[in-house]
Structures are given as C-alpha cells and as structure tokens.
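Colleague: Each chain, written out:
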Amino acid sequence: MSGKPLVAIVTAGLAKFGKREGLYGRELFQEAAKEAFDRCPNLDPKKDIEATFVGMMAEGFEHQGHTGPTVNAWLGFAPKPAFRTESACASSSAALAFGMYAVMSGAYDVVLCGGIEKMTNRSTPEVTEFLATASDFPFEQWHGITFPGLFAMMATAYMHRYGATEEHLAHVAVKNHYYGARNPKAHMQIEVTLEKVLSSRYVAWPLKLFDCSLITDGASCVVITRPELARKFTDTPVYIIGHGAAQDNIALYDRDDLTTSRAAREAAQKAYKMAGVEPKDIDVAEVHDCFTIAEIIAYEDLGFCGRGEGKDLVAEGQTYVGGKIPVNTSGGLKAKGHPVGATGTGQIYDIYKQLIGEAGPRQVPGAEIGLTHNLGGSAASAMVWILKRGD
Amino acid sequence: MSEQQPPATIEQFYKFCAEKKFMAVRCKRCGTLHLPPKPICRECYSNEMEWVELSGRGKIVTYTVIHVAPTQFVDMAPYAVAIVELDEGVKITGQVRDAKPEELKIGMEVVVDFEEAQGEGWPPWPRYFFKPAK
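Here the protein sequences line up with chains X and B, keeping their order.
The first sequence maps to residues 16 to 406 in this note's numbering.
The second sequence maps to residues 137 to 270 in this note's numbering.
For reference, chain X alone in the conformation it holds in the complex (with noise of 0.2 Å):
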C-alpha cells in the first residue's frame, strides 16, 4: 500500500498567530474554519462535515475544557460529535491522527480536524508552569525544571558529543525569522541578525531569547475525507500518503540519548515506509522548532543529514529555499508562533498552501511532497506526516 494515499485535504485554515487580545481560542478557531470554509465554496460545512476533532493542550490557560463543544458551538455544529485530543504540542496532530482514523475506518466521511491553544493572556511564569506539565511531575517539575530547561540540557548534550555552538543554533533562528518577516500571519514579522539572537538573555543555558519559540495565540484546521471523494469538494486536493506516530518515556533521565528523538526517528520511519518516498523525496518541511536545538536534532531524526550534520546544514545555509532541503519557510515555531495546541494542523497548513502552490514569496519552486514533524512535550510525543500534490 505504499503511496497510496490515506485521506485527502479538500481545504485548509489558519488564524493569524500572535498576541489576539480580547479574543478568546474559540473565536480563533472560528477564524480558522471560516478560512477553510471560504476556500472550498462546494463544502457545506454543516451538511458535509460529520465530526470534529480538536486539539488544546491547557485548560489552565482560559479556564476552559471540553473544547469540542466549545469550538462546536460556536461553528453551529450542534448536535454533530466533537472529540478533544491532548499530546501537549502535537495535540492538534493527534486530532488529525484520529480524524484521519476515523475516515478510514468509515466512520465518517468528511471531518473536521484542528487545534486552538490561548495563551498571550497569562504572564510568563504562568505559561512556563502550564507548559512544564507536559513533562514528568515528581522528578522534573518538581526540581524546578521548565520546557526550556529540557531543550537545553539535550543542547548541552548535543553541543558537547559534536562540537556544535551556540552560533549554529543561532543560524536557525535567523533563516525561522527571514521566512516569518514574510509569513503575513506570522506572530513576529521580522528579521534577526546572528549578533541579534547571540547577545540575548539567556532563558535556561545555553538557550537563550531567540532560540525559543514564541508564546503565541493561534487556531488551524484542516477537512479531510476519503480520497475518492475529494474532487467532488476541490480540483486542488492534497493526499496524505503517510504517518507515523511514537513515543518515548515521559521523562528525559529516562531516556538512553539525549541528542536525538528515539520518538521522532520512529515516526518518520514509519512514514517514510508508508509513503514509500525516502528523505531526498520531501521537497519542503515543517519541523517543529520550539527550541533551535530541536530543529537541528530533527534535520538528522528525519534523515536530511547524519548524526552530528545538522549544525552545518543549517549553517551552510542548506535549509533556505533553494538549498537542498526547505525547512519552516513559514518561519516556524521561531517566527511564525507556537500555539501549541494548533501548532500541528498549523504545520499541515503550511504544507497544504505550498503544494498547492500558494505560499507567495517564500513557495518552493514545484514542490509536490512535502512533510511535518510535530513534537509533543520534550520529544516524548512525535508524529510525522508526509503529504503529496494531487495530480
């Protein structure tokens, strides 16, 4: 079954990330799905769509569970079923999973799947402390350990073994910011010098400002249904044509190697088989740079690169447009925002908008593959997409 497409993608939405005030994530959402809606005029939401599923990974942050009937109400879905998924980051990639599980089980036909997460409305420590839950309570939280902390004891590791530096996670930051001061629903449309993302503060050594993502307000979604229905709702369908997803143990002392993701190289392999295409098939990647270490860790958990070759892809200036392999050309987690909960389906977004041809100044030349990987806390949770261009 290797190529053959899963589902499809008839259409696809995203609300501008950034700091939202005075909106709430279910507005965003509607946001989000209004984009989706607009785009694909012989979609009926409310007569075509069967389901929802919903990514958010805090309750904490609105004081708001039971997303699926929150978001629900609010598209007048009532009384059609709407399902919450929850892995941290990849919250909104394990909505699409089973959204996508679902389809071809034959439960449904056409779904609804997305993410929301608001979070600008909380101070920092706050939002540190919400995040932090996604790791292990009694021995990392515990001892004071934040999600910066844990990006940067696997830098540490990583710095040490292969001799990168602080200047080649700096490298990452300032491409992610070149793409996001051309992405206009970016969080920060700007760019950064390497002096810039060098002589910030530190946040948890050797991390510093610039090399963490952004707290940012965001919703996306995507509708999905079974290939052979596709072009009754679009003549621009996108196939998912492979997925993997794993995990690790929650916590990172237990885990054998701190300078890869066992999760992340399981789920790309399993996507790579299922799609039958090979790492120097994928013409653009979103990855899931929460930390710039993470990005330079996924350019080798992906296949880009060896072990211990990241660093230099990147510094050679390999994951621009036009060198061997496109990396966040939406400015990524860095730039473009990290809602977590609708940071999977935003990365799908992306892709979606690239095969079809319609990311504007930062579009790869006739890409037609293209691939996500979305990272759930520290690495704990991974999921792996590869989409292709319909014919």
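Just so you know, the hints here were simulated from the structure itself, not pulled from any lab data.
Any given hint could turn out to be false.
Below, computed lysine-lysine pairings styled on DSBU-like, alpha-carbon distance capped at 30 Å [stated by the list, open to error]:
{"#": "1", "chain 1": "B", "residue 1": "K236", "chain 2": "X", "residue 2": "K211"}
{"#": "2", "chain 1": "X", "residue 1": "K295", "chain 2": "X", "residue 2": "K339"}
{"#": "3", "chain 1": "B", "residue 1": "K236", "chain 2": "B", "residue 2": "K174"}
{"#": "4", "chain 1": "B", "residue 1": "K195", "chain 2": "B", "residue 2": "K236"}
{"#": "5", "chain 1": "X", "residue 1": "K211", "chain 2": "B", "residue 2": "K241"}
{"#": "6", "chain 1": "B", "residue 1": "K267", "chain 2": "B", "residue 2": "K227"}
Chain X is already provided as a structure; the job is to place chain B on it using the hints.
Modeller: Only chain B this time, still in chain X's reference frame:
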C-alpha cells in the same frame, strides 16, 4: 523471613528523602533496578520489589541553568538542573547546588544531599539535590 517492604512508590521515595536516604527499588524476579521506584516492574510486571539504598554518588550527564523559572521557583533563579547517572547505572534529574554555573561540566562527579522537609507547600516533599563531590 523477608521483612515487610514499604510500598515501592514515588511517595515512599520522598518519605525516604525526609530521612536523608536516597533509595531505589530492585525487582526480585528479574533484577532490574528502578529509579524512580515503581510498584510493578515495567520489564517483567512482577510486583515483588525491594528497596535498596543508593550510594548517592554519580556523574553529570547533561545540565542547564534556569534563568526564566516557573511561578514557584522565581525567587530561586538562576539555578542549575542536571541529569545525573548514579554509580549504580540509573539516572535522575535534580538541581545542582553549591557550584558556580561555569564550574559545571558533563562528567563532573556529584553527590546527593537533601533539603529539610518543608511541611508545607505543594506537595510537602523534601527535595534531594546534588552538589560537587569534593
């Protein structure tokens, strides 16, 4: 006759910390040493576990210095956190105190120590921490 073992739980681990004991559990069936302790062995699913006291000595595997802290730790920042591999081969995360951040390095030898039990806060567990071995 084997004596009655306290439960092989996380709560019991921290109760031992209050007695300044750094403890792990060993599966009596397959011999796997578990830190953190687990009531049931994740290798063979036996529930016959026995507590063993660790040397408390180990080496830093990796580390960071936290500058932006969660709400409850803001007053403590900056502080160092490391993953330490104990001499017995198990690893755990903890703060490293009594050392300047620039003195820390991978492979550095450390030894465990304990805070006094706090009696309040949430949860009221005394933290273990590490400090340079010499």
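Colleague: Going back to the hint list, which numbers does this structure go against?
Modeller: 3
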